[in-house]
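Asks: Those protein sequences? They're chains A and B, same order as listed.
Its first residue numbered 491, the first sequence is counted upward by one per residue in our numbering.
Its first residue numbered 378, the second sequence is counted upward by one per residue in our numbering.
Each hint should be verified, as a subset may be incorrect.
No more than 30 Å apart at the CA atoms, straight line, and that leaves these computed lysine-lysine pairs for DSSO-like [what the hints assert, rightly or not]:
#, chain 1, residue 1, chain 2, residue 2
1, A, K553, A, K542
2, A, K556, B, K613
3, B, K580, A, K553
4, A, K519, A, K556
5, A, K519, A, K542
6, B, K447, A, K553
7, A, K553, B, K599
8, A, K556, B, K599
9, B, K686, B, K447
10, A, K519, B, K580
11, B, K613, B, K686
12, A, K519, A, K553
13, A, K542, B, K686
14, A, K556, A, K542
15, A, K542, B, K613
16, B, K599, B, K580
17, B, K599, B, K613
Taking CB as the label site, the calculated pair distances span [what the hints assert, rightly or not]:
#, chain 1, residue 1, chain 2, residue 2, range
18, A, A563, B, E434, 35 to 45 Å
19, A, D549, B, Q458, 28 to 38 Å
20, A, G509, B, R538, 22 to 32 Å
21, A, K542, B, A388, 45 to 55 Å
22, B, M472, A, A498, 54 to 64 Å
23, A, D523, B, G486, 35 to 45 Å
24, B, S588, A, D549, 27 to 37 Å
Incomplete in silico selection of chain B near chain A, CB under 8 Å [stated by the list, open to error]:
#, residue
25, S601
26, E602
27, F604
28, Y609
29, G610
30, R640
31, A644
32, R650
Derived from the structure by calculation, the hints contain no laboratory data.
The beta carbon of each residue, even a glycine, is placed where N, CA and C say it ideally should be.
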Amino acid sequence: MSTEEIRAALAEIVNEVAGIPADSVQLDKSFSDDLDVDSLSMVEVVVEAEEKFGVTIPDDEVKNLKTVGDAVAYIERNIAA
Amino acid sequence: MSGLQVESVSAHATILGVGAYRPVRVVPNAEIVDAIDSSDEWVQQRSGIRTRGIAGESETVVSMSVEASKAALESAGVDVQQVDAVIVATVSHLMQLPSAAAMIAHQLGTAQPAAFDISAACAGFCHGVALANDMVRGGTARHVLVIGVEKLSDITDPTDRGSAFIFADGAGAVVVGPADRPGIGPVVWGSDGEHYDHIRSRKDWTEVVASGDLREAAITMKGSEVFRWASYGMAKVAQQALDRAGITVDELDCFIPHQANNRITDAMARSLRLPDTVRIARDIIDSGNTSAASVPMALQRMIDDGDAKSGDTALLIAFGAGLAYAAQVVVIP
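Go ahead and model the full structure; you've got the sequences and the hints to work with.
Replies: Laid out in structure tokens, this is it:
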């Protein structure tokens with residue numbers, strides 16, 4: 491999957507979980523500050539992403555995923571692994 | 378010798394009656410948000426909670442339990458003298474001994490039944506129902522009073538942003554007794570002590586005394602971790618309880634999870650793919666999270682509101698500190 495494909499698929503999840511327009515889920519956006527995804531919604535996004543991309547995102551890792559770009563990069567690294 | 382004599386057993390057990398006690402004082406979000414630098418809107422968005430019951434000085438763990446038990450016995454049509462076991466699930470009976478159960482049994486005027494407390498935190502009530510089911514079916518008791526009760530306001534730090542808006546007080550009780558048909562399905566239960574620190578007392582009592590600060594006895598919780606475990610891990614346990622009882626989600630009438638957080642309930646319902654026909658307990662909105670008391674309080678509320686009717690099937694699941702969990706399908710009395 492390309493970076494853009496991962497971003498688009500993640501944007502769909504964020505849209506489903508938090509009702510945020512998928513178009514606004516861009517790499518430079520912060521989940522909490524720009525997209526208003528609170529910590530509980532973030533957990534839902536993470537669990538959905540694990541299922542969709544077949545990766546594991548442990549609790550300790552979730553707090554490092556500040557931006558959409560952080561999450562996409564993490565997924566890219568771990569899909570490849 | 379021809380072997381030991383044993384009691385005759387009942388093939389099946391069921392919940393015969395349900396009762397609850399709600400504190401007189403109902404506290405809206407507006408009264409608690411200043412201490413956590415928050416707002417009514419944030420609390421509702423975060424948890425679904427609008428108000429919670431907070432017990433006054435005269436509303437104790439024992440007194441609230443006695444009132445809930447009287448209501449349960451009355452709805453069961455069981456005389457207090459017929460009760461031969463009292464099981465109390467609580468984490469807020471702040472006297473190490475004797476048990477709350479023995480004091481409650483006495484104040485109810487029972488005939489000196491077996492009486493003991495169990496410590497399984499928010500999961501305690503469903504543990505108690507499982508024990509009562511086995512006791513009745515095993516012949517060790519005929520009528521068991523199972524009580525979930527909490528006065529969490531005694532062990533909540535009003536300035537803790539992660540928990541102050543969640544916890545509340547109240548009591549719920551059921552009477553479990555013999556039946557012609559199964560009224561309590563197989564329990565699915567367990568624990569995950571590796572994550573004992575996800576929900577816990579900040580310090581143990583010796584450390585609290587040494588610190589001289591009672592707030593050190595308060596409950597502390599890792600919100601995101603607990604949310605994930607409860608929303609997704611517990612949905613699997615709930616599904617197992619349905620499978621063990623041979624009930625599909627389409628056949629289920631009511632879903633009564635521990636009232637931990639409305640968003641956990643939402644996520645579990647989505648994970649379980651519950652159809653719209655299943656009525657879901659939402660007592661947390663008005664009552665807050667009452668730990669061990671939340672399932673029987675929500676059950677009583679659904680019966681009173683007509684959302685749970687006699688003969689309906691209800692999936693109960695409770696989960697919390699331990700981490701401990703228990704789930705079973707029951708038939709509404």
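Asks: Among all the numbered hints in the text so far, which are the ones the structure does not match?
Replies: Of the numbered hints given earlier, those the structure breaks are 6, 10, 13, 18, 19, 23, 29 and 32, listed in rising order.
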